[in-house]
Amino acid sequence: ICNDYFCRPKNTNIRIKLPVVCFTWQIAMIILFGVFVRYDSESDAHWPETMIQNNITSNTENDFYYRYPSFQDVHVMIFVGFGFLMTFLKRYSFSAVGFNFLIASFGIQWALLMQGWFGSLDPSTGKILIGVENLINADFCVAGCLIAFGAVLGKVSPVQLLVMTLFGVTLFAVEEYIILELLHVKDAGGSMVIHAFGGYYGLTISRVLYRPRIHQSKHLQGSVYQSDVFAMIGTLFLWMFWPSFNSAIAYHGDGQHRAVINTYLCLAASVLTTVAISSLSQKTGKLDMVHIQNSTLAGGVALGTAAEFMVSPYGALIVGFLCGILSTMGYIFISPFLEKNLKIHDTCGIHNLHAMPGLIGGIVGAITAATANELDYGKQGLINTFGLTGKLQSRSPSTQGGYQAAGICVALAFGIVGGAIVGGILRLPIWGDPADENCYDDEVYWEVPEEDEENPDSIPPILEYNNHMIHKQQEISESNFSVDHCGA
Amino acid sequence: ICNDYFCRPKNTNIRIKLPVVCFTWQIAMIILFGVFVRYDSESDAHWPETMIQNNITSNTENDFYYRYPSFQDVHVMIFVGFGFLMTFLKRYSFSAVGFNFLIASFGIQWALLMQGWFGSLDPSTGKILIGVENLINADFCVAGCLIAFGAVLGKVSPVQLLVMTLFGVTLFAVEEYIILELLHVKDAGGSMVIHAFGGYYGLTISRVLYRPRIHQSKHLQGSVYQSDVFAMIGTLFLWMFWPSFNSAIAYHGDGQHRAVINTYLCLAASVLTTVAISSLSQKTGKLDMVHIQNSTLAGGVALGTAAEFMVSPYGALIVGFLCGILSTMGYIFISPFLEKNLKIHDTCGIHNLHAMPGLIGGIVGAITAATANELDYGKQGLINTFGLTGKLQSRSPSTQGGYQAAGICVALAFGIVGGAIVGGILRLPIWGDPADENCYDDEVYWEVPEEDEENPDSIPPILEYNNHMIHKQQEISESNFSVDHCGA
Amino acid sequence: ICNDYFCRPKNTNIRIKLPVVCFTWQIAMIILFGVFVRYDSESDAHWPETMIQNNITSNTENDFYYRYPSFQDVHVMIFVGFGFLMTFLKRYSFSAVGFNFLIASFGIQWALLMQGWFGSLDPSTGKILIGVENLINADFCVAGCLIAFGAVLGKVSPVQLLVMTLFGVTLFAVEEYIILELLHVKDAGGSMVIHAFGGYYGLTISRVLYRPRIHQSKHLQGSVYQSDVFAMIGTLFLWMFWPSFNSAIAYHGDGQHRAVINTYLCLAASVLTTVAISSLSQKTGKLDMVHIQNSTLAGGVALGTAAEFMVSPYGALIVGFLCGILSTMGYIFISPFLEKNLKIHDTCGIHNLHAMPGLIGGIVGAITAATANELDYGKQGLINTFGLTGKLQSRSPSTQGGYQAAGICVALAFGIVGGAIVGGILRLPIWGDPADENCYDDEVYWEVPEEDEENPDSIPPILEYNNHMIHKQQEISESNFSVDHCGA
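Residue numbers (full-length UniProt numbering), protein chains in the order written: chain A, 1 to 488; chain B, 1 to 488; chain C, 1 to 488.
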């Protein structure tokens, strides 16, 4: 019997908590945006003057036109991609899509502020100046939190998710500042900054929130036919738009162009090796939807750092080849191991899709950076790709490779330490989390349409017949019964 | 008993009506396009000469490259966004997506003509010259009709929808001409022109077509689990691409850039306050899918006019904050009120998502315009943003604000008066509308796959067992019965 | 009784075959990419030097910015469009989306090589130089194979699909080289090269693989309500993004712009005539989802060749008008005829959506090309549109029209002859294809979630009641039975 503090009967009523958090937060955002956030020179109405001052002759030079198509693709990945990828559970689609929507909308506002304070602050006015690149970065930042959501999917309340996102964005912004600004590491697609950080952040939180009796809702922890098809919407939009993800904030021109080609190739290779390993893992060679939904994406994660480098097309294929294999094997061997031995329950398998491929991506980036040279890149190309200007002018590629490797460690440390602290906060019994037997169930936080009305036309024709038959027989049986009784 | 003219037994056979309307209309379109429509200078093969004449040195200056990405996003909103948003009903998904597809395809052709006659007519040749901006405007125009569709969803025939769209597009083009050209009101995202007009047009039609006995198909007027997930596809594509909607025809450069940032922020704030109010509205704080599907979008509507203005980032957040609250409260309080007291039955709640936020958007636009000044916009910025050139050169911002307010009234008047007239036409008993007990049912206008075959594998394992058991028992029972009889 | 070689009991175990093919192939790709494939000048890090050498002053001139938005739309069509369009079968959604994903990922790599050898080989280095246009062309090439997949959907194994794709891409690249390079035919949207070729390739394969006893899985060869809604996701993304498909590799500037306008109009007209014919085909005028899902797209196919020509807006409408009619009539009359008389079973009706409209597209293109003139196009416009430079300078429009017509024949010949050969290869009984009674069933190649768990909440309330009743009665009956026996 359970009588410790953390084990009281669960109260999942969030009628006060959730609105209070949302309102307080949104009002705080309005105030902080009022104090700090302004348009940058390319989105301000003074742009015509800026053009004249800077001798810009065409509106096409506005960064908007370089980045907006990629931004919209990234936006789709965040809201439809991540949201639908998590709809695979049989009765958790409302929460998957809906909470994803909530925490992403919540997080992007805070990300604009946090990333702005660290990166886009105008020193003369103390204002954060935002443009389309900031919107992309905010989406990126939130991606880290959505990855973490995948580890705890079904086991936490929306209030916990908001808290997790609040701290997640904060940690992300600091970590990103250290890696990208202080260490001057390149990570345009965020292998380290987004995926490794987000993955380990989520896994550590899941470890701290470990539920030994989670098997009580085992019956809801699988997919059904339709939910697997819905999840494929998420998979495909993530897969298709990953080239935009890895190129969205890459260098104009060849940088964006190359990042797209590399990611395109890497992802294609991932699909083939994922299918191969998935088929091998079953006695009769049948494919497993979980692998197809997730491991096919591992190549995109693993090329997050190196996509804009000169990895060369076959290099991209090799990365995709290996990641498809490793990620699928992760689902088969590592996830059960983590759950059994380390008490890390990872609902969506983010370890295999984000954490591990993120680390690989960091390593690939470090190696590629260390071996970069003027022959492959050209003098200006090397400077542009690695941003080695000003006081970094003298940094050699091999030194850059070392810094890249250091970036991996920073991301890892922030994920694990941050996750441990935030996990501790989330264990407080005030957040309205579900009981062990109510996990993975939309009913807890959503008004779900009544089920007996679900298929009013589809079930009755047969069922009513059954019922009718049953009643008829019952009458017969009962009459028999009484007759028999009489006869006995 | 019913014996008035409008109340005869319904004939929903549309085998002649629908094809006749479609063919007649399409042939008329071909003829009118043949007489009137040509490519504009940027899409005509003479473009290389135009470039030389106008000293244009790069193809990137072709408007196509400024607007095409936004156009495709808007296109997705029209066909997938509106279409899937309306699939929430349990047995009306074919109609939601299919009729949306039909009337949008029908409407865009007529819109190109109507908007062309009013706006893109080449005075020297009498031809309408079309380019990508015309395609966007045609999509916008049709959006007004799709909004109106939301109010009558499930209660009308496809023929009625075509008639409604025909008049809707016509009214729209006139209203738009008055507002944008005669009054020179700015409304790039169409708060007034699209949303307020479309909303009140639909609501008035719904009022005229009021069915007192609609409760006879009450059992079909809810959602089921899967249909709510499908509807979220619509919601998310609308939400994600709304920045493109509000910026698609904004001024090149900072105008488009700023419209995106403002809409992005406004929508994010709407999500948080929608969730807050939705949770507050239920005893246990559970969220309601109807609110999440709709009210989260209200911010995009409400910033339709002001998105390209210098509302500043926190201003956008405030608009989103308020609209999320008002729209969700609309679902809780206003919709039941409208139905009970004004006999306006609004299937999709377009009053809360489009009509009311559209009015708010008009007001926000009027205020923002009235308070515009050279300090915020710069001299050239003010001219570009409000298009105050030529004979409008001397119009002051406060005057512009007054005209903006006048625009709201025009949109409202066209919606209500137009809706009343068109509603009257639609009441004629010749359009094949469904009986009260057949509303919200795809079966009326679609070949629906037979239901007893629906889940051949999913139900049988149990049902067949049941059937088998039943038959077995029946034999037993019947044998018993005869034995008993014999024994009696 | 069956004792010929081709008729042994089917072994659908693909545990060795599928992984072996995937691994072998992916390793081969890595090696070949290593030997042959490099970045082109616009995606290489030496681009800043290229800019200086070629006097390019802005990064916006990088082809990436002209084509990337279209590329992403095409990418969505390939993976979501084709994938979801084929989910209409009641129990074949995993295969539709999953195998589409697999063969597209497999095919694009081979396409980059094959198309590269024929078209993008740098003569000095012997390397294939790739950029965004190559990615689009690879997606296009794979589209041909995905079309062919539609004809054999549900009747082949994934290994067969990979073989079909391998040969399909190879044939495509040769056919494309002959048509586009040797004959210098214009076919930017691939009416001939993609649709006619892919269609007849698939139909011929289907003919060779004809299964006289396919009716044994007739019960799975229909749709269910939800699967039809999923299929509409595919339809709409194909429909919306078809303007991008037809314009993706068109000439910069007016060429891309015009291709978009033409395709947009043509598709809109297709929708109206499809609806008209579909309604006419049913006694009560009900619409058929099969027509709406497919024939609405025929206009896009049929304008594939002529989209970038000066067909004029009403010309585009006429093409769409006719194709909607013909394609829908194809579903009603031609498909049953082909199956009964020619033993061509066409699961998705690709004859009506791709093959026939592809031929029409070729003819429309030939006529439009033959009637082109300097008045309509301008001198430079005519040269740009038809690429009549260098030694082709003297080719007249009417000659061009002749070559266009020749292109149709080449596409047709490659489709039919190639399909016959590949069909023969696929008949070998080594590819793990399903038995006649297991066609259209995901269970054969996928781990499908157990069905009795599918709707744990939706069915039990009634079923459990039934089961309970049954057991109760059973007891009663059985007790009766024994009592009776005793009494007898």
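In case anyone wonders, no lab produced these hints; they're calculated from the structure.
Honestly, I wouldn't trust all of these hints.
[Unchecked claim] Calculated pairs, BS3-like style, for lysine-lysine (alpha carbon to alpha carbon, straight line, at most 30 Å):
hint, chain 1, residue 1, chain 2, residue 2
1, A, Lys-10, B, Lys-283
2, A, Lys-17, B, Lys-283
3, B, Lys-391, B, Lys-127
4, B, Lys-379, B, Lys-218
5, A, Lys-283, C, Lys-10
6, B, Lys-127, C, Lys-379
7, C, Lys-283, B, Lys-218
8, B, Lys-17, C, Lys-379
9, A, Lys-283, A, Lys-343
10, A, Lys-379, C, Lys-127
11, C, Lys-340, C, Lys-283
12, B, Lys-10, C, Lys-283
13, A, Lys-127, B, Lys-379
14, C, Lys-218, A, Lys-283
15, B, Lys-283, A, Lys-218
[Unchecked claim] Sample of chain C residues facing chain B (criterion: CB under 8 Å; computed from the structure):
hint, residue
16, Tyr-225
17, Ile-261
18, Ile-292
19, Asn-384
20, Asp-436
Since this is a predicted model, take the numbers as computed values, not measurements.
Note that the Cβ used here is the ideal one computed from N, Cα and C, for glycine as well.
These are the hints, each one checked on the structure:
no.: 1; hint: A:Lys-10 to B:Lys-283; result: holds, 17 Å
no.: 2; hint: A:Lys-17 to B:Lys-283; result: holds, 13 Å
no.: 3; hint: B:Lys-391 to B:Lys-127; result: holds, 26 Å
no.: 4; hint: B:Lys-379 to B:Lys-218; result: violated, 58 Å
no.: 5; hint: A:Lys-283 to C:Lys-10; result: holds, 17 Å
no.: 6; hint: B:Lys-127 to C:Lys-379; result: holds, 23 Å
no.: 7; hint: C:Lys-283 to B:Lys-218; result: holds, 28 Å
no.: 8; hint: B:Lys-17 to C:Lys-379; result: violated, 48 Å
no.: 9; hint: A:Lys-283 to A:Lys-343; result: holds, 28 Å
no.: 10; hint: A:Lys-379 to C:Lys-127; result: holds, 23 Å
no.: 11; hint: C:Lys-340 to C:Lys-283; result: holds, 24 Å
no.: 12; hint: B:Lys-10 to C:Lys-283; result: holds, 17 Å
no.: 13; hint: A:Lys-127 to B:Lys-379; result: holds, 23 Å
no.: 14; hint: C:Lys-218 to A:Lys-283; result: holds, 28 Å
no.: 15; hint: B:Lys-283 to A:Lys-218; result: holds, 28 Å
no.: 16; hint: Tyr-225; result: holds, 6 Å
no.: 17; hint: Ile-261; result: holds, 6 Å
no.: 18; hint: Ile-292; result: holds, 5 Å
no.: 19; hint: Asn-384; result: holds, 6 Å
no.: 20; hint: Asp-436; result: violated, 17 Å
Violated hints, listed in ascending order, are 4, 8, 20; each of the other numbered hints is respected by the structure.
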